[in-house]
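*Asks:* Residues per chain are reported as follows:
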Amino acid sequence: MGQGARLGQALPLGLNPIREKLTDAVEGPRRQSPNDPHVVIADLSKTYELKDDSIESIRRVSFEVERGGFLSILGPSGCGKSTFLMILAGIIPASSGVVKIDSTPVIGPRRETSLVFQVPALFPWRSVLGNVLFPIEIFKGDLKRHHDKALALLDMTVLADFKDRLPEQLSGGMAQRVSLCRALITDPELLLMDEPFSALDALTRDEMTLELQHIWEKFRKTVVFVTHSIREAVFLSDRVIVFSPRPAVIGCDLRIDLPRPRKLEIQETAEFNRYCAEIRASIGVRSG
Amino acid sequence: MISLARMGARWRAVNWPALIFGAAIVSLWEALVRALAPSQSLFPPPSYVMWSLYVRFDLIMEHAWPTFCQTLVGFLLSVVLGVALGWIISKSRTLFEALYPVVVVLQVVPKEALAPLLVLWFGAGTLSRTALAFLIAFFPMVINTTFGVRSLNTAMRDYATSLLCNRWQFFTKVELPWALTSILAGMKISVTLSVIGVVVAEIVAGRNGLGYLLLFAASRLDMGFSLAILLVLAIWGGALFAAVVLLEQRAVYWRR
Amino acid sequence: MKPPTMSSHSPVTAYRHSRGVLIPCGVFLAIGVGWSLAVSAFKVPPLLLPGPMAVFRTIVEERELLFQAAASTLSEILLAIAIAVVTGFATAILVGISPLVRRTIFPYILATQVVPKVALAPILIAWFGIGMESRLILAFLISYFPMVINTLAGILGTSDAMLRYAQSLAASEWQILVKVRLPAAIPAILSGVKITAGVAVIGIVVGEFVATDSGLGKVIIDSSASMDTALTVAATLLIGTLGLALLGALELAERRIVYWQSGS
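Residue numbers (the working numbering), protein chains in the order written: chain A, 1 to 288; chain B, 1 to 256; chain C, 1 to 264.
Hints may contain errors.
Label pairs and their calculated CB-CB ranges [claimed, not checked]:
hint, chain 1, residue 1, chain 2, residue 2, range
1, B, L176, A, R280, 45 to 51 Å
2, B, S27, C, G34, 55 to 61 Å
3, B, A13, C, S98, 16 to 22 Å
4, B, L127, C, A90, 40 to 46 Å
5, C, A253, B, M61, 26 to 32 Å
6, B, L163, C, S98, 48 to 54 Å
7, B, L176, C, A90, 41 to 47 Å
8, A, G172, B, K173, 33 to 39 Å
9, B, A239, A, G172, 45 to 51 Å
10, B, L163, C, A82, 25 to 31 Å
11, A, L151, C, Q261, 23 to 29 Å
12, B, L163, C, C25, 41 to 47 Å
13, C, Q261, A, D155, 24 to 30 Å
FYI, nobody ran anything at the bench for these hints, they're computed from the structure. Don't be surprised by glycine CBs; every beta carbon is placed ideally from N, CA and C.
When you get a sec, could you build the whole thing from the sequences and use the hints?
*Replies:* As C-alpha cells, then:
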C-alpha cells in the first residue's frame, strides 16, 4: 500500500509556515511587479533515502520561469522531471534549495497551482460536471457561480454534451480534457502538467496539443509542461529546458522563437526541425 | 557480525505495538478476572486456560487426532476434486454455461445447514464430518480454479500456440503456473473452511472429536477446559493456513 | 487479475455469463428429476431420503411451522448483519485513521480469520444460556471481522493517482476520507457486506443447532431426531433458499448503488 496507506499522516512540509506568516504580518506582503519572475527555482536538489542506498534524483537545478510563459521540461524517462514537478507542486519536499512562487517559498500544495497528471484520475462515481466542480467543493467555494464557468470550460473543450456522463463512458482523450477543465476551473496562476498526453494515441495527442495551445492563448497562464517528446515541447513552448538523465541537471535551456499561433504544419518547417535537432544533440551529448 | 544499522532495521521490523498490545490484553484479562470474576471456572484467566491445557493434554490430543485427520482428508479431497472439476468446466463452453452457475449457487447456500442431514445419511462418525468439510471447502476450489484457468490472457495463449507446443507442455508450462495463483488463493480459503466443517459436524452429533469435547467441557461449565480446546483449534487452523501460505510462497514465487 | 474472493462470483454475475437463466434452471430441474428417479429406482427408504414430491407435500402440510421458524431465523440473521455491518464499518474507519492503531490491532483482526469461530457456540451458550443472545453474539463474532477487513481494504486501497490529485488540491485528510476514499471504497465495502451476510447466516444456523430453541435450525434438529426426514430436507432447503435470496437481494442492491461500474 503506497501512498494509499498514508491516511492520517499530514503531508511532509518543508519550511515553517508560521515564520512566513509572521514576516508577512510584520513587513506586509511582498509587492509583485509584473516583471518579477513567477517561479524561482534556486539550487534545488532531491535525494531519496532508501534502505541501503540513496538515490540522487535532482542535483542543484536553478532557473526562473517568467509569468505567462509556456515552459517545457524535457528529458528521458526516469530522469527526475516528474519529481521536479511534484516539488514545484508542493507535494514532495525538496532535499535542499528552494522553490518560490511569487516570492513565497513553496511549502505545500497551493490553491493557485493546478496539476494535470498523465493519468486523468477522474472519480468514477461522479459525472463529468461533478468531476470538474470537485476542486470547488474542496475549496468550499461558491458552486453556483462556478457551475456556469464549468459549463463554459466544457464547451471550450467540446465536452458540453457529455457533462452528465460517467468517466467510464469517455475515451482517453476526453477524460484528459475533463482533467484539464477541472484544473482550470479554479483559475490557477500556475498550471503544472506531467506528461498529460503520453498515454494517448498519436492522433488524439495532436488534437490535444492544439487544444492546449488554444486554451493557453486564451488564458495566458504560466505553464510548466513535462514531456519526453521533443516535437511536442518545441511546438507548444516559449522555452524548453532539458534535464539530463539521473541525477538531473540542466542540459540545455532554449528559447523557441516560432510565431504564434502555431499550426500543426509548422512541424514541417526547417526552423522547427532546427530547434528539435539542437535539443536532440544536447540530449545525445549527455548520454553519450 | 551484524552491523548496527541492520540490527536497528530488524528491531524496527518487529511489530512492537502489536506485541505489546497483545501482552497488555492478556495481562488485563488475567488481572480483571482474578479480581472480579465470581467463578474461576466460568470466567477463567489465561493462566487457568493454560493449566487446563496442560492437565487435560492427553484427553485433548485423543480427540484432536480424529479432528485433524478429518480436516486434512476433507481439505485434500476438496482440492483434488475441486481443481479437477474447475479445470474441466473451464475447458468446455457448454459445461461452463451449464455447471458454473450451479457451482456458484451452491457456494452461496450455507452448507453447514446440511450437517444433520449428513449425519442422518452417513452416521455420526468420520464419514459425515469429512463429507461436510469436503462439501464446504469444495466449491471455492472449483470457483478459483475456473477463474485461474480462464484468466489466462489470450496473448500468452497465442504465443504458446505459435511455438507449436503440445497439450501437455501447454498445461504444465503455461496453464498450470498461471492458474496456481488462484488455486492457492482458493486453498487458503478452503483450508479454513474444512476446519469449520469438521467442527460443525462434531458439534451436531457424534462422540469424538474436538467439537464434541468442546460441547462436553462447556456443558460441565468448565470454561478453562473449553477455552483450552478452542486454543488448540485456533492453533490447528493457524498451522494449516500457514502451511498453505508457505506452499504459496514456494510455488508462486514470482508474485510480489 | 485478482483471484475471486468468496463473494465476487455470485449468482447474478454468473447468470450474466451464461445464456440467460434458462440453462441453470434447466440444470436444477434435471437435478430434481434425477433425484426423483433415483429415489424410486434404488428403492431408497423415505426415512433416508424422501423424493421431491414427499418433500413438497411436507412443506405444504407444515407450512405454518416452517413459516414461523423461517421468520424467526431470518429476523435474527438480519439483526446480526445490521449490527456487524455498522460496527465493522465504524471500526474500519477508526482503525484506518491511525496507522499506529492499524499496526497494533490489524494483525489480530486478520488472525481471527483462521480460527473456526463456530467453535465458540458451546462456549457462548455456557455463558449466555440458550437463546437469541448467544446466537446473535456468535453470528456477530463471525461476521464482524470480515466487514472490518473488507472496509479497511477498500479505504486504504484507493488508487495513488486519485490520492495524489486530492493532495495537489491541499484537501484535508477528512475531506480526502469522505470525498475520495469512501466513495472509491464502496465496491469493497459492499463486497464485505455480502460476505458478512453469508457468514451471519452460518452463525445463526449453527447457533440454532446448538442453542436449539427456535428457528429453522431447531426444526432440522427436532425432525432429524424424530426421523421425519422429509421435514428435515424441507427445512434445509428452506435455509438454502433464504441464504440465496438474501445474497441475491444484496447483489441487486449493489448494482443500484455502484451505478458507475457497468461490468462490476
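*Asks:* Flag every earlier hint the structure violates by its number, smallest first.
*Replies:* 5, 10
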